[in-house]
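Student: Order-wise, the sequence lines are chains A and B. Residues 1 to 391 in this note's numbering are what the first sequence spells out, letter by letter. Residues 1 to 499 in this note's numbering are what the second sequence spells out, letter by letter.
Hints in this document: simulated from the structure, not taken from any laboratory. Don't take each hint at face value.
To be verified - SDA-like cross-link-like pairs, simulated, lysine to any residue; straight-line CA separation at most 25 Å:
{"id": "1", "chain 1": "A", "residue 1": "Lys122", "chain 2": "B", "residue 2": "Ala342"}
{"id": "2", "chain 1": "A", "residue 1": "Lys234", "chain 2": "A", "residue 2": "Val364"}
{"id": "3", "chain 1": "A", "residue 1": "Lys305", "chain 2": "B", "residue 2": "Ala451"}
{"id": "4", "chain 1": "A", "residue 1": "Lys122", "chain 2": "B", "residue 2": "Pro262"}
{"id": "5", "chain 1": "B", "residue 1": "Lys245", "chain 2": "B", "residue 2": "Pro262"}
To be verified - Listing some non-contacts, in silico: residues in chain A with all C-beta distances to chain B over 12 Å:
{"id": "6", "residue": "Asp44"}
{"id": "7", "residue": "Leu77"}
{"id": "8", "residue": "Ala145"}
{"id": "9", "residue": "Thr163"}
{"id": "10", "residue": "Ile190"}
{"id": "11", "residue": "Gln194"}
{"id": "12", "residue": "Gly301"}
Please read all numbers here as calculations on a predicted model, not as lab measurements. Beta carbons: idealized from backbone N, C-alpha and C, even for Gly.
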Amino acid sequence: MSWNRVAVVGAGLIKFGELFDQSYEQMAAGAFQAAVASVDKGFDPKAVEAALVATQRGSLWGQEGIGGNTVPSAIGLSGIPCTRVENACPTGSDAFRIGAMMVASGVHDVVLVIGVEKMRDKSAQEGLLARAASGHPVYNRGETAPVLFAPFATRHMHEFGTTREMLAAVAVKNHHNGKLDPYAHFQNEITVEQVLAAPSVCQPLGLLDCCPQTDGAAAMILTTAARAGEFTDKPVYVAGFGVATDHPALHEKSTYVGLPATTLASGRAYAMAGIGPDALDMAEVHDCFTITEILDIEDLGFVEKGKGGQATLNGETALDGRLPVNPSGGLLAKGHPIGATGVAQLTECYWQLREEAGERQVAVRHGNALQHNVGGRGSGVSVVNILTRNR
Amino acid sequence: MSSPVHPVSLLAVGAAAPSLRLTAADVGAAWGSGGGRGQVAVCDADEDTLTLAFEAAETALAAAGLDAGELDGLWWGTTRPPFAEGPSHTFLATALGIDPGAAGGLSAGSPHAGMDALLAAWDALAAGHAGTVLVVASDALLPGPGTAGESTTGAGAAALVLTGDNGASNGSGPPARLLGRASRVRPALDRYRGDRGAATVDTYDGRLFREQVFLPLLEEVGRVLAGTDPNAAPEAWAMSDPDGKLASAVARRLGSTLASTPVQAALGDTGAASPLLGLVQALAGRERGAVGMIGFGGGRATGVTVAVSRSLPGADRIGAVLAGGRPVSYTTALRARGQLEAMTEPVPMGVPPGSAAFVRGNQEMLALEGARCRGCATISTPPSVHPTCTGCGGTDLQVVALARRGTVQTFIVNQTMPAPFLAPLPMVIVDLEDGARLLVQGSPADAADLAIDDEVVLRLRRYAVERGVPVYGYTAFRSGLAPAPVGAVSTVRTGEEGP
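Using the sequences and the accompanying hints, generate a full structural model.
Tutor: Spelled out as structure tokens, the structure:
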């Protein structure tokens, strides 16, 4: 390809949680300042040539029309070219992908990708639960967020003998990792027994099978590989990416034991990076619900279809496992501020590849990390990004 | 007394009752008055007079072996249609799959509406305007809390398939024939509801109503009919019975048998449905003879006699209808009827029921339509959001009525639903018999042990009352009295190319 090779030279986020004391703008400024401060050789904010803002649901804080101008104003860069990106749960990861293409194309040398999401300015009742009334006026009536994924759990259990204990193992692992991540929303260990005993949300999923509603923001600074040395001696490169779509209604899925968009997107990303799942050191995947991580690790090719639950129970995806998954704590423990989620996952990959992840650092043998989101209506959008530290 | 121009026959009958039962004792206890006998049928939150009418109509059509598309008309009588003004009849006809050009109409305004619908259909058949039609009478009246009517007001529906063709080509002849009719009026204010009233107001003085209105009117109608043709005097009567005692008093005066008692005992006063439901009961197990029914409401009493030649298809199912139902507490009944509401903010639908999305969506939702690809046979649902085939991307699509039976591909039980949703609410992905697939709500009654591969039937239910407007959709039911599908699976609606 004749594109510029793209490097990440800075990344930062704010601590995720129910940030009742911070506005959307304050969260954005916090993440941007953290990213700027993370650049090894210093970074003048004025060096940002263009920005992409990832925000999925402005309606959750009463501001659907955020546009591209809200964040530049909040971070002191009013005037720069900036566009808001929205692409369902992969909003943040897709903004990163598009930002990488902006740099790769040679149009801009230094691009800021910033994900910001205010999830808790509205109550849970008025927030995500209100989507029970969305979609077709009648066909989708009652389709809350867990309804997008729980039917896959029912079917996965039916076809492969996956158990609620296997699902619980995902939550237990990710909470363990989250305890080691100072940015995580939840920083406490949980047990399989606690997961099984938690109140039912959407059978077969209980409360601890579900990610929380979290406020958060994350930012990354991208530049060309050629100019990366101005900012750091340890850049991380964009090795590949893929995005894919599927039909948007739940009843239009070709399967209820996998998410075809993930398989398609990852296939494109692996091909672009020239590697397969065997060459990964870790992955940050979309675990909005426990079943989602099991589907992900199968659809991404980490384990055989149907074996995700047992592999998790066996510890294959633990921090010291064969392929650590969600060392940050994932959406389940770290939180899922939708537009910020993908950018924060990529920040975790950046830190892990630079071996700066502290107590949750994984062993880096190959120098490659994968980031994945899937979501939207019918889980019909998936984005996969692969980062590498190999020049 | 008038005589029909053409004889009109009865081919089959159907009956339906809502899913809840409330005892008069519980109502009495709630108001500290104690006592009270019997029980009434109460609609659950997803049932109303329209869904009851739909159920009765489906069972009658199944008993007749008819597809709704073969009917020439639908006459529906209900005291209080779901829309006081609005497309009540159109919604029912569309859900049943009745031809858009068919005749018919809605009778409403008093519990006499069921008889009004029957007479209107009879007239159309007798005049030769229609060949085979459906008459449905249903009611789910809302009694005022604390009124005497609260212990007696029930809910239910009955449907009759009538024909003017008289089985000329069928050697066995029709099972029953409509014989005679008579009406009498007295312009008295009995039970009523004003324009601004939410609940029905009870009679002012029970004894006044009994002695001066109800007994004399019904007795006179009964005597006229019994005297018309002494050889065909009814052996048993079905009657409106506002309090469970009045009808038996009329029957005693007529020196005849009251056949509608079991209906009243199981369901209470079913309003407009009462005389027709009573007729179905009177026809159950009967192979010959004559029966009569008298409906009352709004100061009018009308009687109709029926001559029976053989057992009426569908009549015997009334036993199961009357035996069904789930006992509930007074508070559950109040909640189901919308008379006890949480002071929480309900989640509104994404768009209002009068908006373009509903105008586009009502037809395909009520008629349960899909877009079938002429290229690869994939059915994409609903048609309005599928200008291209989800299977092959083709655009040569035809709108088809979907099958209403299928199996569970997968499901969940939602436990965290904001108002107006009630948990547990199953949501089911159903593989329909015609290969189409839908995501629909499931019956809460099935929530405890629903399983993949279970067979389910889709039935019309009221999903919500949104901005004061009822919104209907289909619910997957596994248990209970499952009606047969409406006619053939995946009937192609010719002449409709879509989308």
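Student: Should the label of aspartate 44 of chain A as a non-interface residue stand, given a Cβ cut-off of 12 Å to chain B?
Tutor: The claim stands: aspartate 44 of chain A keeps its Cβ more than 12 Å from every Cβ of chain B (closest is about 46 Å).
Student: Report holds if the minimum CB distance from glycine 301 of chain A to chain B is greater than 12 Å, and violated otherwise.
Tutor: 24 Å, holds
Student: Measuring Cβ to Cβ, find out whether alanine 145 of chain A lies farther than 12 Å from everything in chain B.
Tutor: At about 10 Å from chain B, alanine 145 of chain A fails to clear the 12 Å cut-off, so the statement is violated.
Student: Since leucine 77 of chain A was said not to touch the interface, does its Cβ keep a gap of more than 12 Å from each Cβ of chain B?
Tutor: For leucine 77 of chain A, whose nearest Cβ neighbour in chain B is about 36 Å away, the distance exceeds 12 Å, so it holds.
Student: Can we trust that isoleucine 190 of chain A is non-interface, i.e. its beta-carbon lies farther than 12 Å from all of chain B?
Tutor: 19 Å, holds
Student: Against the 25 Å threshold, does the CA-CA distance of lysine 305 of chain A and alanine 451 of chain B hold or violate the hint?
Tutor: With Cα atoms ~22 Å apart, lysine 305 of chain A and alanine 451 of chain B stay inside 25 Å; holds.
Student: Keeping to a limit of 25 Å between CA atoms, is the pair of lysine 245 of chain B and proline 262 of chain B held or broken?
Tutor: 12 Å, holds
Student: Does the no-contact call for threonine 163 of chain A survive, Cβ to all of chain B over 12 Å?
Tutor: Label holds. Min Cβ-Cβ 16 Å, cutoff 12 Å.
Student: What's the verdict on lysine 122 of chain A and alanine 342 of chain B, does the C-alpha distance respect the 25 Å limit or exceed it?
Tutor: 20 Å, holds
Student: Is glutamine 194 of chain A truly not at the interface, in the sense that its beta carbon sits beyond 12 Å from all beta carbons of chain B?
Tutor: 18 Å, holds
Student: Taking 25 Å as the top limit, are the C-alpha atoms of lysine 234 of chain A and valine 364 of chain A close enough?
Tutor: Holds, at roughly 14 Å.
Student: When you check the alpha-carbon spacing of lysine 122 of chain A and proline 262 of chain B, does it fall within 25 Å?
Tutor: 53 Å, violated
This entry does not satisfy hints 4 and 8, going by the numbered hints stated previously.
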